[in-house]
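*Asks:* Modelling step: build the complete structure from the supplied sequences, incorporating the hints.
4 protein chains.
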Amino acid sequence: MPRSPKPIIRSDIAYSTPERISVRGKDLPNEVLGHMNLGDFAYLQLTGKAATPQQSAMFNAILITLVEHGMTPSAIAARMTYAGAPESLQAAVAAGLCGLGSVFVGSMEGACRMLYEAMPAEATGRDDVDFDAIARATVASYRERGVALSGLGHPLHKPVDPRTPRLFELAAQNGMSGPYVKLMQSIGAEAERVTGKSLPINATGAIGAICCEFGFPWRIVRGFGVMARAIGLVGHIMEEAERPMAVEIWQRIEDEASAHLREPT
Amino acid sequence: MPRSPKPIIRSDIAYSTPERISVRGKDLPNEVLGHMNLGDFAYLQLTGKAATPQQSAMFNAILITLVEHGMTPSAIAARMTYAGAPESLQAAVAAGLCGLGSVFVGSMEGACRMLYEAMPAEATGRDDVDFDAIARATVASYRERGVALSGLGHPLHKPVDPRTPRLFELAAQNGMSGPYVKLMQSIGAEAERVTGKSLPINATGAIGAICCEFGFPWRIVRGFGVMARAIGLVGHIMEEAERPMAVEIWQRIEDEASAHLREPT
Amino acid sequence: MPRSPKPIIRSDIAYSTPERISVRGKDLPNEVLGHMNLGDFAYLQLTGKAATPQQSAMFNAILITLVEHGMTPSAIAARMTYAGAPESLQAAVAAGLCGLGSVFVGSMEGACRMLYEAMPAEATGRDDVDFDAIARATVASYRERGVALSGLGHPLHKPVDPRTPRLFELAAQNGMSGPYVKLMQSIGAEAERVTGKSLPINATGAIGAICCEFGFPWRIVRGFGVMARAIGLVGHIMEEAERPMAVEIWQRIEDEASAHLREPT
Amino acid sequence: MPRSPKPIIRSDIAYSTPERISVRGKDLPNEVLGHMNLGDFAYLQLTGKAATPQQSAMFNAILITLVEHGMTPSAIAARMTYAGAPESLQAAVAAGLCGLGSVFVGSMEGACRMLYEAMPAEATGRDDVDFDAIARATVASYRERGVALSGLGHPLHKPVDPRTPRLFELAAQNGMSGPYVKLMQSIGAEAERVTGKSLPINATGAIGAICCEFGFPWRIVRGFGVMARAIGLVGHIMEEAERPMAVEIWQRIEDEASAHLREPT
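Protein chains in written order, with my numbering: chain A, 1 to 265; chain B, 1 to 265; chain C, 1 to 265; chain D, 1 to 265.
Do not rely on the hints blindly, as some may be mistaken.
Copies of the same chain are indistinguishable here, so a pair counts whether it falls within one copy or spans any two.
Derived pair list, reagent style EDC-like, types lysine to aspartate or glutamate, alpha-carbon separation capped at 20 Å [to be verified]:
1) Lys-197 / Glu-19
2) Lys-26 / Asp-132
3) Lys-49 / Glu-242
4) Lys-49 / Glu-31
5) Lys-197 / Asp-132
Honestly, the hints are just simulated from the structure, not real lab data. All figures in this text were calculated on a predicted structure; none of them were measured in a lab.
*Replies:* Below, the structure is given as structure tokens:
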């Protein structure tokens, strides 16, 4: 296959020498260990920059929100996998992560993208942006195309998703309640007005908006959910190892699913 | 399949009601968000207990140590996967995690297990334990069975793995430099004495020992590496999205691997 | 969460009793083993029907086409994973499969979907369909929307993808060279006419068209590539176990990627 | 890191040129497509050799046996994953495969390994081997070490696993009922004699023995289960797409698992 001159393979994340381990320009043992918490180090790993105290507070809160959501399909998949391959704990976490797609967790990127695309370029840094007008146009456009608005509504948490006011409060306290948060709120209000339904901004919507305030590319936002949920899944596997439920789930489902085949009617 | 009375399916990790989300007995929005960092929340998720300031410092340091190790096989697998399925970021992280097994990262559990098994039950809480004697017996037993000692030696970091003294320093500062750390150090010294080789305690060995001080079951220790590395892999995927190397790696390997088949000699 | 009456959990694929194992209504030991080949059994598993000799010939050929494509990103990811976790062969295959997404393999479903959507409902079973007119409309519509046509062009196989004429020949021999194959060929010709470029129908396009002839839902077509490639990846892992390359790849990439960080300019 | 002279990266599996695609030395379009079934091509991919008619019959039967086992933990994990990420079908298959470890499927390699290790080197090609004596020694050694014998017993299929007599029948018909099959049968009989329990040779044991007759390395035998099950999982996902059960399973498990947390006693 004819190719252009050999491209460079290059990464700016980390390097090691016999006596040194450096991540994002910092000496890991001496400048990082004992000086940062895990959320801050995640911020450094992803952005190449040290988090300010405000960024640290907000980013840790976002990640923590995404760690654990109960006995989700993802947690069940991880427990099922662990039951078959307890010697491969890493594969059980991997199996649980594989389902964080367009339906769960991955949906977060939708809110982030919607806000980036809706916000006019000239709005940056101005005080007199008419967020309600942008919200009206956005809601109308989504409804016209028959696409669900991202970040609104929750099957269980009604009329308010309890994470949202707290995340917005933290955003305000940390100087991150900017135009994207305002636009998300306008879109939520407009959607409720137009549909007549209760459509609270859910955690996904709040996090999507705050990720815009950080300036994260929307394509990476799903990754925050993935890395946070990895922590949650290790918790589920630890519990599964001590008090298993996977085999019982399996037998119940198998019994029920094939009952009509086994027992002639 | 005849079965005993239907067992209970029960998890103590989390629950949700319309207005409440609770993890490990804490109200997530109000008692956790803004009050904890990600490492502390991981500790809560895994143990059901809030970390003390000392446990927080130590546990965050352990996890941070495990986030990023450069362009590892795991990072390469994640980047390769992302090149084929950029819409499935979660699957790229999952692919990268799948290789954290007996050779890399999973090796951590070996040091933890070795120390638990070597430490006599009656040693707990006593001051006069002869760690050198236990170390001699342990090293002799591993050598007899032809099994490599866990947590010793490193292909690159010689004569010292720079993470180890820093992790042990943090353990001392946080009241966790107890019998398992001492035993690991005795085993390291004994192994160097017996083999005549430079066998520094590596990060794996240091973390294994400190995990014993925490009292973590050895089976879950690999999980710390898995959840930390998930963060590192999202960083690699973020870089890959901006400045890709996967296709170049692929083409070079493919060209070289099949050259002898394509070109008749 | 209030829910509608408990839905039924039911699967029609298989069941077991102490003395019987039944898959898709057939007694596995007595009616399947020794009476079918693997491709035919895959057809039975997926469709619930026994393949005719023609369907058997065609479906086996499709799956075989998808097994092995050389040292792909997917094969590299599997080998990298095996190097870290040789005790978890299944996780290495899983890692390799994770990247069969929109860029590789998953692209197959695009051709299938394009053809289903382009074919007018009233065309079924008629002889006088104007495929060239449909092709013109399809190509124009894709170009207008700036979307690449599925199943056309190949970076290496020019001016002809050698798999395509053979797959179409087998389709003709087995009575499956129907309207979708004709439409795919018309679209290919029209695309070459309009762009002035060499755009051979690639294996993806040929398989997509034949999958339409089978009547497979486009959403499952990617699955054929996934299950076939699982076979290919086991072959790569078997070779990797005997003559490894993963560690060498890792060291080369790591050395090159971080050279600019290690060596001060 | 100082390294020895750059090792060669080389694979003997496949290569492509613009007009040719070759796998294991065969021209894929012209020598393979239309001339082989999927099981035979798997044999070629793995061994580099064309299967004889006997090997073809036997290898296809082994793989087919491993495709589908009902609503297993692996199938449930795949369905759970598909529910969250329907756009990533490949990740759902990958998640399902991750659990094919030491407890399920992977157990197959145990029988294969046990037989290889038990069979004395000098037995090869001789008629007067005392299989009962080898079986007595093997069973005694496993019982002494407290290790379960591989390939014996089944929770459901009692007193006979219906796949085993059929697989052994096919082995006899195809000239593969050699010393390893005889030894497996002797071990089964001896285990029943010593324990007084019904311990039928299960499918795992039968396949393990026949894999020894083929001469497959025991480390790759798990791979047969992995590649076969990939087919089965695509079948489950296809059914899940048409008639979903994942969300219902999730809600039932979540409701039950956290009932004690939600409802104060």
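*Asks:* List, from low to high, the hint numbers that the structure doesn't satisfy.
*Replies:* 2
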